[in-house]
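Go by the hints and put chain W onto chain R.
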Amino acid sequence: MTTLAEEFKTRLQHLGLGEEWEWKNGSWWKTLADVDVRAVTALMLALGARFVAITATEKPNKEIRLDYQWDLEGHLLSFISTTSARNIATIADLSPAADWVERETHEYFLVEFTGREHTRPLMTRAGDPLGINLQKEVAQ
Amino acid sequence: MSYRIPIGPYHPALEEPYKLELICDGETVRDAVMHVGFNFRGIEYLAERRNYLQGITLVERVCGICSNVHSLSFCHAVEQLMETPPPDRALYIRVILAELERLHSHFLWAGVASKLIGFKTLFMACFMLREKVMDALSAISGNRVNYGMNRIGGVNRDIAEPQAVLNILDEMEREITHTVLPIFLEDRTVASRCKGVGVLTKEQAIAMGAVGPLARASGVAQDIRKSAPYAVYDRFEFGVPVETAGDVQARLVVHALEMVESCRILRQALQTLPRGPIHATVPPSAKFKVPAGTAVSRVEAPRGEVLYQITSNGTDIPERVRVRTPTFMNMATVRFTVLGQELADSPLIQASCDPCYSCTDR
Numbered sequence: 001m002t003t004l005a006e007e008f009k010t011r012l013q014h015l016g017l018g019e020e021w022e023w024k025n026g027s028w029w030k031t032l033a034d035v036d037v038r039a040v041t042a043l044m045l046a047l048g049a050r051f052v053a054i055t056a057t058e059k060p061n062k063e064i065r066l067d068y069q070w071d072l073e074g075h076l077l078s079f080i081s082t083t084s085a086r087n088i089a090t091i092a093d094l095s096p097a098a099d100w101v102e103r104e105t106h107e108y109f110l111v112e113f114t115g116r117e118h119t120r121p122l123m124t125r126a127g128d129p130l131g132i133n134l135q136k137e138v139a140q
Numbered sequence: 141m142s143y144r145i146p147i148g149p150y151h152p153a154l155e156e157p158y159k160l161e162l163i164c165d166g167e168t169v170r171d172a173v174m175h176v177g178f179n180f181r182g183i184e185y186l187a188e189r190r191n192y193l194q195g196i197t198l199v200e201r202v203c204g205i206c207s208n209v210h211s212l213s214f215c216h217a218v219e220q221l222m223e224t225p226p227p228d229r230a231l232y233i234r235v236i237l238a239e240l241e242r243l244h245s246h247f248l249w250a251g252v253a254s255k256l257i258g259f260k261t262l263f264m265a266c267f268m269l270r271e272k273v274m275d276a277l278s279a280i281s282g283n284r285v286n287y288g289m290n291r292i293g294g295v296n297r298d299i300a301e302p303q304a305v306l307n308i309l310d311e312m313e314r315e316i317t318h319t320v321l322p323i324f325l326e327d328r329t330v331a332s333r334c335k336g337v338g339v340l341t342k343e344q345a346i347a348m349g350a351v352g353p354l355a356r357a358s359g360v361a362q363d364i365r366k367s368a369p370y371a372v373y374d375r376f377e378f379g380v381p382v383e384t385a386g387d388v389q390a391r392l393v394v395h396a397l398e399m400v401e402s403c404r405i406l407r408q409a410l411q412t413l414p415r416g417p418i419h420a421t422v423p424p425s426a427k428f429k430v431p432a433g434t435a436v437s438r439v440e441a442p443r444g445e446v447l448y449q450i451t452s453n454g455t456d457i458p459e460r461v462r463v464r465t466p467t468f469m470n471m472a473t474v475r476f477t478v479l480g481q482e483l484a485d486s487p488l489i490q491a492s493c494d495p496c497y498s499c500t501d502r
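Top to bottom, those sequences are chains R and W.
Position 125 of the first sequence, counted from 1, bears residue number 125 in the working numbering, the numbering being contiguous throughout.
If you count the second sequence from 1, you need to add 140 to reach the working numbering.
Okay, chain R solo, but in the shape it has when bound:
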């Protein structure tokens, strides 16, 4: 297994996905320093990867961690980005599969995906408060 993991890590490097990959607990993880999620999305689509999910997590310091998850050849790749301002560029125009995920992340965690409109709620109803998965003191 270790050898297979090392082989795939080498393959990730050859694909131009950088070196700082760590295999742990069911996924390959890489932290995005400059949070260029659109460039990552374009690269993933060019490699034939399948969009899986965006997982938002509220950190104790109120920052939002966003894990962009893609399936490449059966391997789960998770790109970790963090936003304190709660806004990040949309990828829904590049990958339509991300549309519903961005909409629910907006409703649950008040993350603004810039470059798109959030005109119609997905899980909540019009007029409902946003940020329903945040700690209560943060939710509006």
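Treat the hints as calculated values from the structure; they're not laboratory data.
Some clues are possibly wrong.
[To be verified] A few chain R positions that, by computed beta-carbon distances, are all more than 12 Å from chain W:
#1 K24
#2 L43
#3 T83
#4 S84
#5 E117
#6 N133
[As the list claims (entries may be wrong)] 25 Å max Cα-Cα, derived DSS-like pairs, lysine-lysine:
#7 K9/R with K335/W
#8 K342/W with K366/W
#9 K24/R with K9/R
#10 K272/W with K255/W
#11 K255/W with K366/W
#12 K24/R with K272/W
#13 K335/W with K24/R
#14 K255/W with K159/W
#15 K9/R with K30/R
#16 K59/R with K30/R
#17 K260/W with K272/W
#18 K260/W with K366/W
#19 K30/R with K62/R
#20 K429/W with K59/R
#21 K62/R with K429/W
In this text, a Cβ means the ideal position worked out from N, Cα and C, and glycines have one as well.
Just chain W now, with coordinates in the frame of chain R:
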């Protein structure tokens, strides 16, 4: 002249509450708008306010059909954080439960599709077979729906009589291959309602991130049991049926062939079920603390890939429980599959995606 026809959220054509607004020119659908969220229960939020043991019970109620898949994914993620792999026998039992669940889910879907096609005899046949699977699940777990089988580090109940389950497999396979599959493939009524109807192209399936039988009926050969095996799926021989037409009939055929493959897996698992304990030793529940970290679990549910991501902060309550279900990815494709189709076909087309709104809305 265009008409906007609302179907739902509560409507006889729908199995669960959601709303589909169809914009039609005469009888032809020109556009569609989906509304979901009518089953929203905030399960992710609730799971982050309960301990891990309560979490297992909670996530098993995400869905009434594929309930086992949710507790399996949840436990699998926690086991990675705790570095507590289940013993072999438990892994085999998990596979057996998962495949029985796939069988009953696919029979349910085949029955509902048959009813919408107007083939009520097949509806009855599918539900009769489904009952046999439900009886097997009930005999193993004591429950027909929420089985309560998974625990962190293994399973709660053993399979005392594997032969009893093996006995029903012969009849199951015979009925699928001699009754269900020939009807789906050759019957004129089925062909007239399903062939060329509700097409989802391979390109659309990939772009929308479709998963499971819906994607495989559009030529996308992906199955987590093969591409990223969990439990002991890598020890069994089975195929991943793929069709390329992308229409309702292709979805019928993929579902039927998958049932045959499930029987193959079940036979191998039941015949080679190893002896041994059914769960690992883990700390008593009162002192249950999960080491800090993040783990991801992906499982092939009856409708496709389920993803659980769990983040622990070292306490007995998870910091984050993320649940991404297959229908959440698949339902957005309905907008493409109903375009240009007859209004009267729209209930069957949306049902052919095998939707589960309890899963979608969580």
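*Hint by hint, work out which the structure violates, then give me just those numbers in ascending order.*
1, 6, 7, 11, 12, 13 and 18
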